[in-house]
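Residue numbers (our numbering), protein chains in the order written: chain A, 1 to 196; chain B, 1 to 111; chain C, 1 to 982.
There may be inaccurate statements among the hints.
[Said to hold, decoys possible] Okay, derived cross-link-like pairs now, PhoX-like style, lysine-lysine, Cα gap no bigger than 25 angstroms in a straight line:
(1) A/LYS20 x A/LYS103
(2) C/LYS269 x A/LYS16
(3) C/LYS893 x A/LYS16
(4) A/LYS29 x C/LYS597
(5) C/LYS893 x C/LYS822
(6) C/LYS97 x A/LYS20
[Said to hold, decoys possible] To list a few chain B residues with every Cβ distance to chain C over 12 angstroms, as calculated:
(7) ALA30
(8) ASN42
(9) PRO65
[What the hints assert, rightly or not] FRET-style restraints, in silico, Cβ to Cβ:
(10) C/SER267 x A/PRO147: 33 to 43 angstroms
(11) A/THR195 x C/THR487: 55 to 65 angstroms
(12) C/THR240 x A/THR195: 45 to 55 angstroms
(13) C/GLY268 x A/VAL25: 51 to 61 angstroms
(14) A/LYS16 x C/VAL982: 46 to 56 angstroms
(15) C/ARG528 x A/THR195: 40 to 50 angstroms
(16) A/PRO147 x B/ASN20: 12 to 22 angstroms
(17) A/LYS16 x C/PRO104: 54 to 64 angstroms
(18) A/VAL25 x C/THR240: 41 to 51 angstroms
Think of the hints as simulated: they come from the structure by calculation, not from any bench.
Backbone N, C-alpha and C fix where the C-beta goes; we use that ideal spot for every residue, glycine too.
Residues per chain, in single letters:
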Amino acid sequence: MSNFNFVPQPVLGDFKHESKGVSIVEQTKLAIVSVACPNDGDEALVASVQNAFACSLPDVSSVEVSNSGPYNGNVRWLGLQPQQWFVLFEQSAEQSAPLTVIKDQLGDTAYCTDQSDSWVSLEVSGPLAINALERICPIDLHLAVFPVGTVARTSMEHLSVIITRTGEDQFLMMSAASSADSFLHAITQSVRNITA
Amino acid sequence: MKKVKVLNQICIELHHMIINHPLLGPRDAAEFVYLGDASLINRPDASGDNAAQTFYQYLYLRDNPAGEHKELWYHEQGDRSWLVVTRNTLTHEISNVEMARDVARAAGGST
Amino acid sequence: MTQTNRIDGGLINRNQSYSFKFNNETMHGYGGDTLASALIANGIKLVGRSFKYHRPRGIMSAGAEEANAMVQLRTGAYTEPNTRATVAELFDGLEAKSQNHRGPLGFDVMAANDYLSPFLSAGFYYKTFMWPKAFWEKFYEPVIRASAGLGALSGQDDPDQYDKGFLHCDLLIIGAGPSGLAAALAAGRAGARVILADEDFVMGGRLNYETHTVEDRQGSTWAEVATAELYQMENVRMMTRTTVYGSYDHGIFGALERCTDHLFDGSGKPRQILWRIYSKQSLLCAGSTERSIAFGNNDRPGIMLAGAVRGYVNRYGVTPGKRVSIFTNNDDGWRTAIDLKAKGLDVTAVIDTRSIPVPYNVPNTATVMGCRVIDTAGRKGVHTLMLSSGQTIKTDCLAVSGGWSPNVHLTCHQRGRPTWDKKQACFVPGGELPVGMSVAGAANGNMTLQSALSAGHDGANAILNSLGINPTNTSAPRASEESSNITAFWHVAESKSRAWVDLQNDVTTKDIGQSFREGFKSVEHLKRYTTLGMATDQGKTANVLGLAIMAEYSGNTIEQTGTTIFRPPYTPIPMGALAGRARGKDFRPFRLTPSHKFAEERNAAFVETGMWLRAQWYPIAGETHWRESCDREVRATRESVGVCDVTTLGKIDIQGRDAAAFLDRVYANTFGTLAVGKVRYGLMLREDGIVMDDGTTARMGEHHFVMTTTTANAVSVFRHMEFCRQCLWPDMDVHLISATEQWAQYAVAGPNSRKTLQNLVDKEFDISNDAFPFMACGEITVAGGIPARLFRISFSGELAYEIAVPTRYGDSMIRALMQAGKEYNITPYGTEALGVMRIEKGHAAGNELCGTTTAANLGLGMMVSKKKDCIGNVLSQREGLNPDKPLQLVGFKPVDADISLSAGAHFVSKGREVNMANDEGWMTSVAYSPILNCSIGLGLIADGKNRMGEVVTAANPLKQSNIDVEIVSAHFVDPDGDRLRV
């Protein structure tokens, strides 16, 4: 057997961009696992999440950050739809596959699906980030309406986008990996349009 | 009320409206896909004697009210919930929005 | 040219001198000028020709309502026709040209139309040019269109960028005049999230055109101070140069912001932004628009609206005339006389239609009460007025005021219909206003400054209360009081000459009379018959005048006559702004497959399938035609091995205790019996019994399935299954998530596919025919531990697999497959070869799953289980879908093998006439088969399965071809499926 060269490719080639007031950084190590709660299994899932991650399950559109457990507690739970969450954490080479990690913790209290390769993730931050995003984001991102720890799924430039506020002027934006180029173009064009 | 015959379920995208999602609050109607009359929730019993007739009525006959209308919207660019939206067809006023799953359960739908 | 009409004062910046060109002549103006004020400063009276009669026309207003002064702005690809000089901000280097004339503006050969006016009255289109009929398209219409043309497009791509955006607020205030500023101060100080938008480049509205005082300051100074305070508030967004053009449902507004129109060079910024504004409440403070009075030859250059004349004097420091006269039916018109006198200008006469005592004392000016202007003289600029009293007056500018019309437009964009305020002779907002909208100031009929300021302030406070925000303890700004008496007066009956109502469309009082006599009496008919109120100004100055005159003819009240319906946009929106960024390759997003880079390196041709770009074929050296590449890819695959990216197929991850039972409901065939580690073909019906989609579904675990859908239906199938899960069977334990993007999936097909994969798959996984038979699936690893999924399924009809790896390895995987299959000359193939092979194999695809076909039509009737309920089962059995001789999917071969078939051809039995009555079905898909060396087709024909060997006609009337074709099995290649199972 010949040697095959399997190299994981970041969707946008480890994209980074810094301009006046806005920076865009591709998140290349983010593991994403979707977790669904079995019907009538709410209590069991709440207990297993509490047990493994010491955090509660967020409501739809909220974010919970775990306090302990795997990945030193750096695990974010995004409430995306009734009975479904995305679990986000930084993937390290030493650990087993993301799906296995989460499945090991939750056992049969949840249905899990690996989504790590389904999304391109960009951190958009800086004092002008919100000005750039208002060109494409129909959601009200005013800090009082969309505070830190809020997540929304919406559409930008015909693309489905999950946007999470991770800081006062910092957002994690996820969109389908296959249309990553168009997604990046939508954001960089917005930045160009406010800073040109 | 007069029943009208619909040729098929048509998905249309309506703009310039806001749907007050029970879980997410106000969202632009452009995030949603429209299906049609909320009576589509009430799928007949396929084992009934006159199933052909009841399915025909279920699928093809609709009320066409000038006024309040319960209709199904899907939050495709959002949380993937199906909603029952009560919308006035004359004014576009939306007086109620419910999770379709709750409506279906209340209507006796189960497994 | 010198600025002969520039006077002292105004809100312009005299330290900022701008040079500009009008009709190639260089002129000068100042910062803060509009093109119109700069033209007036330079003594230009004649700025254009009218639409129909090519009458000489001058500037008639100082705002968005301008009907005459339409100019072509800028040059080359940047040129823009039909812009209003009155709202075009002056900048250094601006170039403008007048429109609608042949030859020089001063001598327009088309002005002959004016003498043909008896033939060009209302409805001339419909009557004059009726005969001979053939002349209409070839002669009359082009000539009329050319002579009535407005400006011209560049014919080049628009080089500007445009953008869109979304804004949210508690309160949107539309218009920053006195009421809008008072409202913004009240709401802003109370902490509400406010957007204040104004179409002008300076906030203040009429305060900048008038000499009123607010809080003991000059009105414009007060506005400047208020504006400065508002700019300091973080909760207030100030938007100048922004027209809120439309009011939509639920508090949504459309607004156009002009970002670089006032700059010579936009330096790459978007020229304009189309905003969608979501407001909880809105306050319309759009002010009012002055209207004229119709009298003989009232369209001459120099005849203007009275408010505009003093506006040019007060705001821009220019005077439209040196000897100005005024013709009014109200007190406000007199302010023009007072303001001009205060500047030391010569006011010749004030002519008031009302027989009342002189309302203001204007020294050294003739004041004529109860009198009318009946005609004017001066072709390229008014010089004489003829009065009903018999007097003639020499003048170079006539300022006309017929009263002010509130700008109710946005209140009417849904169900609002304005009501007539008889005392103020104007329409005010009425009926059902848009949700959340209130109106304040002149737009609501608050015609004095103090009432406008109070209404804005109080209106904002009322809105704050409704939003649960406490108003601050302030009172409305104080202003000087004024009188605003008016006696309605519309047109001068004794005028014998034509009296213009709508200057932009050349509609006269006579046209309205003719419209009435010919039965077009409703305002909507009047509009369409005469074109009153159409075109770029949408009759802002003309509509009320026109319908009032119609009311007079019909003997109805104005209330009974009513208005035409106001629709968005309030002022014109460039097409570029509506398109925004969606141009060229940015028209919509595109999706790339994991092998895209690999395919690009091999010069693949790409095809758009939905948003996906898929490799269509991979040309190699020496191939000049796509068929050469496609035929080679098919042969290579069938003879050895080929690889194709099939990532685009939808993949839905289905989990839950009821997952199997759920699939039994959404698929026509059974899945509960599928063993773990196996794949089954699934057929999905719509509830009406028609086929919705098909694909394969693999059972990965007891409660875990992975479904594939067609590329085209990935989104709609997911939506349908969510509908089933949430609305039909809400308590089933089943959960869906799309995994389309998660896996890079490749079809590896051909007799050497297993050997190829055995080079790549880790040795602990046995994929021999015994261990991994046809329709097996499993989780494996490749290349030393890379996780993968393997499915033994075939679309081509060959021994074949689909192998999936996480998308991040997609690029590595295609290269590894090429390496693993090198000894077998592995060949990448595109969608063309994929399509050829599926036709050769007789698989139905998009052309057959076309929304009209049943399972029985496709030869899959047996799959619709009679033992269970599933979507579409009941109605698939109805009589109408099950005729005696149903359409059946079969294959077709041309009798003459050299002839190419065409899809869409309809079948007619041999010897019968080709017509609809004899239609028996149609050809759905065709391809050239490099295996059979001829054109082959799939098609639906009545009772096809029982007609094997029969020759029928495939008729294509569009190509006028009738081809003899033989009905054959749809499975051209390996009909028994032996190759799949080796």
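Taking the hints in turn, this is what the structure says about them:
no.	hint	in the structure
1	A/LYS20 x A/LYS103	violated, 43 angstroms
2	C/LYS269 x A/LYS16	holds, 23 angstroms
3	C/LYS893 x A/LYS16	violated, 57 angstroms
4	A/LYS29 x C/LYS597	holds, 22 angstroms
5	C/LYS893 x C/LYS822	violated, 35 angstroms
6	C/LYS97 x A/LYS20	violated, 39 angstroms
7	ALA30	violated, 9 angstroms
8	ASN42	violated, 9 angstroms
9	PRO65	holds, 18 angstroms
10	C/SER267 x A/PRO147: 33 to 43 angstroms	holds, 36 angstroms
11	A/THR195 x C/THR487: 55 to 65 angstroms	holds, 57 angstroms
12	C/THR240 x A/THR195: 45 to 55 angstroms	violated, 20 angstroms
13	C/GLY268 x A/VAL25: 51 to 61 angstroms	violated, 24 angstroms
14	A/LYS16 x C/VAL982: 46 to 56 angstroms	holds, 51 angstroms
15	C/ARG528 x A/THR195: 40 to 50 angstroms	holds, 48 angstroms
16	A/PRO147 x B/ASN20: 12 to 22 angstroms	holds, 20 angstroms
17	A/LYS16 x C/PRO104: 54 to 64 angstroms	holds, 59 angstroms
18	A/VAL25 x C/THR240: 41 to 51 angstroms	violated, 35 angstroms
The structure is inconsistent with the numbered hints 1, 3, 5, 6, 7, 8, 12, 13 and 18, although it conforms to all the rest.
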